[in-house]
Amino acid sequence: MSKIAEGLLYSESHEWVKVEGNIAVIGVSDFAQAEMGDITYVDMPDEGDEVEKGEDFGALESVKASSELYSPVSGKVVEVNSELEDAPELINEDAYAAWIIKVEMSDEAELEDLLDAKAYAEIAK
Amino acid sequence: MEENIKLTCLHDRHVALGAKMSPFAGFDMPIQYSGITEEHIAVRTKVGVFDVSHMGEVFISGPDAEKYINHIFTNDIRTSKPGQALYGMMLYPDGGTVDDLIVYREFEPDHFLAVVNASNIEKDVDWMLKNAKGFDVKIDNQSEKWGQVAIQGPEAEKTLAQVLKLTNAPEIGFYKYAEGKWNGARLIISRTGYTGEDGFELYTDIKGTQDIWDRLIKAGVTPCGLGCRDTLRFEAGLPLYGDELSPEISPVVAGLSMFCKLDKDEFIGKEAIAAQKADGTPKKIVGIEIFDRAIPRAGYPVELEDGTEVGVVTTGYHSISLDRSICFALVDKAYSALGTKLNIRIRKKVFPGEVIKKRFYQTNYKK
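Protein chains in written order, with the numbering used here: chain A, 1 to 125; chain B, 126 to 492.
Hints may contain errors.
Covered by chain B, per the in silico footprint, the following chain A stretches (three or more residues, Cβ under 8 Å) [stated by the list, open to error]:
1. 38-46
2. 110-121
Restraint-style ranges between C-beta atoms, simulated for each label pair [said to hold, decoys possible]:
3. B:N293 / A:E12: 53 to 61 Å
4. B:L132 / A:S106: 48 to 56 Å
5. A:A65 / B:Q287: 30 to 38 Å
6. B:I130 / A:D94: 55 to 63 Å
Hints listed in this document are in silico derivations from the structure and should not be mistaken for laboratory results. From the three backbone atoms N, C-alpha and C, an ideal C-beta is built for every residue, glycine too.
Generate coordinates for the entire structure from the input sequences, incorporating the hints supplied.
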């Protein structure tokens, strides 16, 4: 049974969002990391890149498969978690601590389309 | 689950061990138990056990058996002694590959065992029967009666001797086998594998296979799934039918022409292979390394600096044992020489790479 952290918002494609003012901190859920198995590489955008809600901004790679990452919100990437470049396994260890990118949101109303922990629990099984 | 999917005789064991299961070649097979990386490392450094009961066992016997096998098989079976195995292919007349297989010469005269890929059992048996006209042979597909486990890794020999009490294991040479018994049933102890490490493949009946598996797991041997079977064979430079060999990919294209013996009088596909060897083929399977942690996967395009597509990745990984991002790719012959600079497109980015030798990992066979 995978963990679902309370207080975060979730997308149906298994990304989580933690809202800090107008910044969306984005990662993937524990369910997503468990489905992937050992993550060996995280393909991330560059700081300053624009991301669009619902469009892919990178990918997770396990030994066997790759899985695209979809941005839950639109905006500008203000920070990427460079720790993941050398230690992608941090996502396996704690998917809610290992954030991937921080996005300065251009439309905070997009957050309303995301799921709360309870609604996401219905999907992540 | 897909209808009519087949189960091996160890299926309930995989489920009980909590394996991640997935359809492969018509069977519901374990992809991984503890994780591909951990299982891969177990085989490279200690020992692991694989369920390969999905593989096909076709027994070929009769007065014309040797002549018949040399007709359908690219290697020269006359060079094998009783108890010896040869690797080779069955080909279509145009040189395309029906399957790659191992043929064992049994100790009983005029008796052979062909072990074929699970995905091809039906196609292979049809092909064998179709090409048996005029030969006095019996072709007996016993795939459903036999189970098979592969015990692979530097401690494989010790594991056979200590856990399974197969104390003759050290005397069996590479690509040779010994006859044995397991609870009264025939047991074939073969020093073969698909990992690049020393190891054995044990063939026996269903009950015996279950008993052998249970003993190995109880003794702490790491159960290994098809996930690491693929990463291991890939590192060792071994082809997988469907990826590096196919009706469109001949052994010459795949760089395996050493298993096609053109000094034999004849075999199906010989003329095509001779011509391909003489004239070259439009495409070749090569190894490519990219200098990044990104992973080149099957289907990704191989490109020149100006974006022209010159090939496609057939298998690729971030190699577990070598910590390098490498792949097999089918590329235009003009770009197949070692050292050629080629790019691989991975999603939106292009990664520079170079053609390298296909045997990525130094194999550790007991010769």
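Check: So which hints don't hold here, by number, going up?
Finding: 2, 6
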